[in-house]
Each structure stands twice: as C-alpha cells, then as structure tokens.
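Student: So the protein lines, in turn, are chains A and B. According to my numbering, the first sequence holds residues 34 to 513 in order. According to my numbering, the second sequence holds residues 108 to 183 in order.
Among the hints, erroneous ones may be present.
To be verified - For lysine-lysine, the following DSS-like pairs were computed, each having C-alpha atoms within a straight-line distance of at most 25 Å:
hint: 1; chain 1: A; residue 1: Lys501; chain 2: B; residue 2: Lys137
hint: 2; chain 1: A; residue 1: Lys433; chain 2: A; residue 2: Lys462
hint: 3; chain 1: A; residue 1: Lys500; chain 2: B; residue 2: Lys182
hint: 4; chain 1: A; residue 1: Lys106; chain 2: A; residue 2: Lys315
hint: 5; chain 1: B; residue 1: Lys180; chain 2: A; residue 2: Lys500
hint: 6; chain 1: B; residue 1: Lys182; chain 2: A; residue 2: Lys315
hint: 7; chain 1: A; residue 1: Lys339; chain 2: B; residue 2: Lys152
hint: 8; chain 1: A; residue 1: Lys100; chain 2: A; residue 2: Lys118
hint: 9; chain 1: A; residue 1: Lys447; chain 2: A; residue 2: Lys354
hint: 10; chain 1: A; residue 1: Lys315; chain 2: B; residue 2: Lys180
hint: 11; chain 1: A; residue 1: Lys442; chain 2: B; residue 2: Lys180
hint: 12; chain 1: A; residue 1: Lys389; chain 2: A; residue 2: Lys315
hint: 13; chain 1: A; residue 1: Lys433; chain 2: B; residue 2: Lys137
hint: 14; chain 1: A; residue 1: Lys337; chain 2: B; residue 2: Lys152
hint: 15; chain 1: B; residue 1: Lys137; chain 2: A; residue 2: Lys447
hint: 16; chain 1: A; residue 1: Lys501; chain 2: B; residue 2: Lys152
hint: 17; chain 1: A; residue 1: Lys337; chain 2: B; residue 2: Lys137
hint: 18; chain 1: A; residue 1: Lys74; chain 2: A; residue 2: Lys100
hint: 19; chain 1: A; residue 1: Lys92; chain 2: A; residue 2: Lys164
Everything labelled a hint here was simulated from the structure, so no lab data went into it.
As a plain string of letters, each chain reads:
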Amino acid sequence: MKPIYHAIIGLLLAAAPGAVCAAEPVQWDANRPEFKFFQEKGSYTEDAWDQLAPEDQEKALEEVKDKALEREKLVLEDYSYASQKWDSRQAKFYTDKIRNEELKVFYIWVGKEEGQELNRKVSFVRDMLAKASTEEGLTDEDAAALSRYLIPEAINDLRALKTAAGVQRQAAAAAGRQDPGKAAVNASLDKASGAASKANGKDISKFFDGSAGNGDVSDPVYSKKYALPKGVVGSAVGGISGSMSKQVAGAADDLLAPNGTSATTVKSAPPAALGEAKTKSKALTSDAYGITLETGAGVKTFRKPKEAEAAIRELPPGSVKKIILYGHGAPGLQSVGDNSYDAESTTALLKGKMAKDGVIQFAGCNTASIGGPTLNPAVGLSMVARRLLYFSVPYFLDRKDGRNAEDSKQEWEKTWNADLARDTSNGVKGAIVCGYRTFGLVPGRLPVVTRLMGTQEATTPGYVAGKKACYQDGKEVPAP
Amino acid sequence: MTDLNYILETILLLAVPFVPVAIGVMLRRKFPRPAEGAAATGGQKAGRLAGNLLFWGGIAGIVFMVIVLLNFKGKI
C-alpha cells in the first residue's frame, strides 16, 4: 500500500501549483496580442480588466486568442506596406485612406513611435500632394524632404503636377472660369501618375473633397468583346464556357459593390487560403483551377476566385508581385472555376494593385495570339487546332443556324486569334502580362495521371507544355 | 463563295496531321526493312529513318490533336 500513498501525495503536490495558478488574476499586458485586441475593439480597459474574476479573464483570453494572432499578422502586414517608400498611386491611396481610426490601430498593434512616424508621413505627404498642384508647386526642399517617404519617380510625378495644373488653370481662365475646379486638378494628377482611370479619378476627387469615406468603388466592367463561339459554347465546351457570360456579369456585379474597407487594417478578416483546407479527390479526371497570389507577405492560393478577388481588393496599391490565374482558357478569355476573366475585367481587378514589373500569368490555353510563323510542328498543330475550334466550328454552326456568312466571318475572324495577355497589358500599365500562344498541356491534368499525382484540384498548374508570350504596355517582352 | 473557301480551308487543316503519317507510310514501303543478312545502303537507311520519323511523329501529332480536343471539351 505504501507506494499508492506516495503516488497520491505526489499527484496532489503536483496539482497544487496548477490550482494556485488558475486562481490567480491575469495582469493587463499591453504587449500581448489578446490585450491589443481588447484595446482595438474597446472590449476592456485596464481598470475593467482588473475587476474581472480570474476565471472570466481566462475565458476572455481564450476566446480572442486566435483572432488576436490573426489580427496581429494582418496589421503588421499592412504596416510593412505602409512604411515602405510609396509610389504615386500608393501616396494617393494612403493619404486618402489613413485617417485617425486607422492610425489608432497602428498605434495599438505596431507601437506608438511607429504610429506617430506613420502619422507624420501621411500628413506630410498629404500636404505635399495638395501643394504640388498649386501655382507654387514643390520646391527643391520639399522634394528633398519627400525623398524620405516617396520613391524618386513619385517625386518627379508630383513636381510635374505644377505644370499640368498650370495648363489647366490657363485653359479654365481662357474659358472664362475663375476656378479651374477640382476636376481639372484631378485630371492633372491622374495624368502625372499615369493613372487616368475613372476609379483613380474618384479616389483623387475624394482626396480633394477631404472625404474620409472608405468606399473604393470600381467601375463596372462587362464586355462581350470576346464572346466565345456560341456554337462551341452550346456543344463542345459545355460546362466550361457555357456560363461565361453569366460569370462575367457576376464579376461586374461584384465590382459594383463598394469595398467595405479602406485597408485591411481597418475592418477586414483575411480570406481563407484554400491550400490549407485541401480535401483529397478520388476523381480520375482533373478539375484543377485556382488563383495564386504573391505579395510581399508571401504566397496564397485560392480555389474560389471570389475569395481571391476579395483579397486583391483589400490589398494596398502596388503590392501584387505575381498572380497566376489557372484554369481553362480560350482566345480572349481565362476561366477560373466558375469565374472568367477577359481583358477588361482583369484590368478592373488588378489596375493599381500590381507592383512595378509585377507579373500577371494567364495559365490557360490560347490566352495570347498565335504569333508569327514557326518551325515547331507542335506549335503548328496547335495553331491548326485553334483555327478549327475557334473559327471553323463556330462559323459553320452559325451558318447552320441561318446566320449571314459575312457577319459570321467578321465575328469569328476577330475572335479566334484574340490576345488576352496583350489587351490586359494595355490596361494594367507597367505589369508584365503573360499568356499562352498555344494549347498548354499540363501533365498533371491528364486523366488517371491526375489521380496518381493527386492533382485533381490543384490550384497551380506546375509544368505547362506550351508557347508562352509576355507583354508589357502592349509590347512583347521576354518572359520574366 | 465564302462558305466554299472555309470548307476547303477546314478540309486542308483537318488533313494536316495526317500528311506526315501518309508520307511516312509511303517512305516505309519504299524503303522496307532489309531481309535478314542483307545490308542496307546509306540511302535506304536514311529513307527508312525519315519514314519512321514522319510516321511516328505524325501519330504523335494526331494524339496531340485528340488531347487538345479533349482539353477543349473540358474533359482534361
């Protein structure tokens, strides 16, 4: 019996300190993520916390633990972008978006000094943006001071505003108006920053209006420019392209909806990365598609394009280093699961978001034009197949339906060799946009092979046998 | 006329993958495998090699087109 007594006494002694610890109150620690979370949400003050029973404190800490860690990661990620030197777009974005509420978040999560420094940066750049478009313009001293916060190109852009705004004023004066108006200045800003989009115009307008509104409404984009062959849609492609027009319309609806937040720091939760929740498919054929997003914070893959779109909208300008849209492609169109992207919808999604020389990769067949002559027989066969499938088949189906030969010819001649990569590069200035001139064969998509490799629901293509073409500002460039 | 042009074009395009196979078969018949013990001349060897290359390359091309068609139909 003696050993049993010893064991019981030993267990009691071991449990005693734990029981004492559990009963002790938890001190307020402003450096712990959970307490930062409380501060941001206003859940507890230090005094209120001290008045809680120890058990309630434990419970409250346990409840917010995961959320707090997630939030910390997100805010630090935001801060890493905001603390870098900005280009013109970022300067406009941050000075428009970062207000007291956002600064408070940085104060809490990153630190008081960092928050103050960011406040100084935002205020100074905001003042300089306003001054840049006045008659006075930026002085050499201003430019030197700005070099701490902005990249040289952005400073040059701001200095050019003086001239642009002056021209606008003269034009306004000539037209008998005393005030050039915000629209003129906004137009100058847009021109100088190389961002003559309506969406940016809105941002600038908001900036000059002093509006703290955080809605960043993109213009709806819905184009039937690259409608797929209707016969093909009806018969051959089936599930893939049949719903494309609906999906593009869906994307347009999404674009109409204002963003709920101005920056991820304000009120957002990070989108779920689907790579984390993979379920093994047992299918013999492939259903691989997805979006891979590479930013300064790392690489995230998304199976659901809507989630990827939401994540992209939350990102600050110039933060996307690479994006791969993977799925079936057709001339002028890239599908990713239930969504599809043409040049205009891709531009609407990514304009302003791409880092300098950032890469947009359409990983789908025929997402670039066929290009020039080739001696490669496989490329030649792909050209033949493309002409047959995207011109001959829809043309004859149209004719069968009784459509006029000339109309049908014009439509499909324009469509079969569309170049999605080039058209997108014309919209997303500065980004390198790549597509495939051929059908791209992905070994991991082959029936049975896909099961053996476990790539039925892969979100990235891996090796693609196909002829790639890349464009920047509409001109062909070497693949990065 | 427009329809006729496109019908001709389509026939030619559809024939493209079969052309090397046909030429390969012709060459393989023209330069058959030498009988056992008989030595093939350099020309015969070259002719048979070209025939084999075209034949099997053509077969590979047809398989490629089938895969492309399956891809287009969303099967793979």
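Student: All the hints need checking, so say for each whether the structure fits it.
Tutor: Now for the hints, and whether the structure bears them out:
1. Lys501(A) to Lys137(B): Violated. Lys501(A) to Lys137(B) sits at ~40 Å, over the 25 Å cutoff.
2. Lys433(A) to Lys462(A): Not OK: Lys433(A) and Lys462(A) at ~42 Å, beyond 25 Å, violated.
3. Lys500(A) to Lys182(B): 22 Å, holds
4. Lys106(A) to Lys315(A): Status violated; Cα separation ~35 Å.
5. Lys180(B) to Lys500(A): 21 Å, holds
6. Lys182(B) to Lys315(A): Roughly 16 Å separates the two Cα atoms, so the pair holds.
7. Lys339(A) to Lys152(B): 60 Å, violated
8. Lys100(A) to Lys118(A): Measuring from Cα to Cα gives roughly 30 Å; hence the hint is violated.
9. Lys447(A) to Lys354(A): 32 Å, violated
10. Lys315(A) to Lys180(B): 21 Å, holds
11. Lys442(A) to Lys180(B): 23 Å, holds
12. Lys389(A) to Lys315(A): Since the Cα atoms of Lys389(A) and Lys315(A) sit roughly 41 Å apart, the hinted pair is violated (cutoff 25 Å).
13. Lys433(A) to Lys137(B): 44 Å, violated
14. Lys337(A) to Lys152(B): 57 Å, violated
15. Lys137(B) to Lys447(A): Status violated; Cα separation ~45 Å.
16. Lys501(A) to Lys152(B): 37 Å, violated
17. Lys337(A) to Lys137(B): The given pair, whose Cα atoms are some 58 Å apart, is violated under the 25 Å limit.
18. Lys74(A) to Lys100(A): Between Lys74(A) and Lys100(A) the Cα gap is close to 12 Å, so the pair holds against 25 Å.
19. Lys92(A) to Lys164(A): Measuring from Cα to Cα gives roughly 52 Å; hence the hint is violated.
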